[in-house]
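What follows is the residue order along each chain.
2 protein chains.
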Amino acid sequence: MNGTRRTLIGGAAALAALAPLLALQNVMAQNGGSAPVGSQSAHDAFAGLPNFKMHGDEVVAMLLYPEFTALDLVAPHYFFACMMGAKVHLVAKQKDKPVPSDLGLAIMPTMSIAECPRDVSLIFCPGGTQGTVNAMLDDETVDFVADRGSRAPFITSVCTGSLILGQAGLLKGKRATSHWAARDSLKLFGATPVNERVVTDGRVITGAGVSAGLDFALAVVAKLRGVGYAEALRLQAEYAPQPPVPGGTPETTDPQLAKLMSDMLLPFPGWVAKAAEKKR
Amino acid sequence: MNGTRRTLIGGAAALAALAPLLALQNVMAQNGGSAPVGSQSAHDAFAGLPNFKMHGDEVVAMLLYPEFTALDLVAPHYFFACMMGAKVHLVAKQKDKPVPSDLGLAIMPTMSIAECPRDVSLIFCPGGTQGTVNAMLDDETVDFVADRGSRAPFITSVCTGSLILGQAGLLKGKRATSHWAARDSLKLFGATPVNERVVTDGRVITGAGVSAGLDFALAVVAKLRGVGYAEALRLQAEYAPQPPVPGGTPETTDPQLAKLMSDMLLPFPGWVAKAAEKKR
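So the protein lines, in turn, are chains A and B.
Per my numbering, the very first residue in the first sequence carries number 13; after that it's consecutive.
Per my numbering, the very first residue in the second sequence carries number 13; after that it's consecutive.
Heads up, some of the hints might be wrong.
Since the list can't tell identical chains apart, any single copy or any two copies may satisfy a pair.
Each computed EDC-like pair below joins lysine to aspartate or glutamate, with the alpha-carbon atoms no more than 20 Å apart [said to hold, decoys possible]: (1) K109 - D150; (2) K184 - D196; (3) K107 - D131; (4) K271 - D56; (5) K65 - D266; (6) K105 - D155; (7) K235 - D266; (8) K290 - D151; (9) K291 - D159.
Hints are computed from structural coordinates only; laboratory data are not their basis.
Bound conformation, chain A alone (with noise of 0.2 Å):
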């Protein structure tokens, strides 16, 4: 592997891979690759843009749990992973078993969250359903997300997930959002429920309802590397959204399709509130 890694960026060609050029150097310098990658002019033309910072240490640290909706965690995963320099972890309690989303397809963790760093730049956690809620009563889960939370620049969600950082007591006095069925919810954990696509509010950043993990992911990015990186970012992704049906929200869904989705989902805040009894 590091064999390819070497043809796609030491060669005369300079920065050159496609898509994920600028991942493919952070994962190399993740791994102990030595830089500098690419030619020095290539370099240097990415570090001349304006709102552009090429490098940085970040430490990221993305939650798995069982039953997690996957496309929650793996869209800001894709961007994160592309900030040059950052490392970026998926951690949960165990180290060397796949963690099975709620669709069944399992995602391999990096790290225990035991072995996980003390001070970490960003946590993030995804969404789901059931398994939500039972991360919510997980005092090793609760407790890992509170403790690196309690010091982290940035505390972070997508989808249901601002559930989790409720639960841990770090959305007291917020303004943050969550998927649009479980958004009111966030007011059992002290927090203001804003029914906007990505919310910010000091160093507390929430994304709606699952996709949103796509908008939340480059506004962070804008705010770690600059606008320019997360353009390019944004391009890299071809993220020139056209969806072929209408809808996307409540209030934009044909109005008996959106009552019956909305039924379906009543009993989901009533097992939040049961187990927002056990919130920090």
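Fit chain B to the supplied structure of chain A, relying on the hints for placement.
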């Protein structure tokens, strides 16, 4: 885990869960859970919607190969796995070890190529960079795609995954798309490159780069289950995109930045052309 799902689904509350409700039912069905799920009335309410085919028995085979781009696959997986009754398989050469993506995040296959059903409803290839070129050069991988694709009602890809379809001989005379930096390479395989988000030509459905997987998947769901089903899943995923920075295509990105990104990716078509010497 079965216990959890039964709690979600079996109680008086009927179709009761947050986002992945349809999905959880689906996973349950795949795992041998017995229908009917939820109350009959709630069921009927959905089933009676226009353009909404609640049940199906599609067999979806999603290819995993080393250094694929995880987001290319995980977004479509979300939507495919939420089609009730569909079976979604993650297929790799070896079943028992995680497949590393190009950004380090590793996903567990659910079956080996050898185990994959002979007849599938849909074959899907994710993209990548060097990993995709390596996959194009791997006989077992390309033979698998060519074989299942020869009979599948739908042959699909996101990002540079279309190059694997091309290598397998499945794009001859077809209109198709790919990541913007790789689109022209489709000509090597007898295809006509099209600069659109999702391109459908008969049974071939291809999506543009990385994030196009969301739009691609909704288009596929609309085709398989109706526009109403796709709209329901769009709402479930809260897919109301609001990218917080400009761009997303070479044409809409800051020209200096777009030029640098384009230059960075220039060598890729050369690698593809070399690999295409082995095309079917």
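(request) State the violated hints by number, sorted upward, taking the hints as numbered earlier in the document. (result) none
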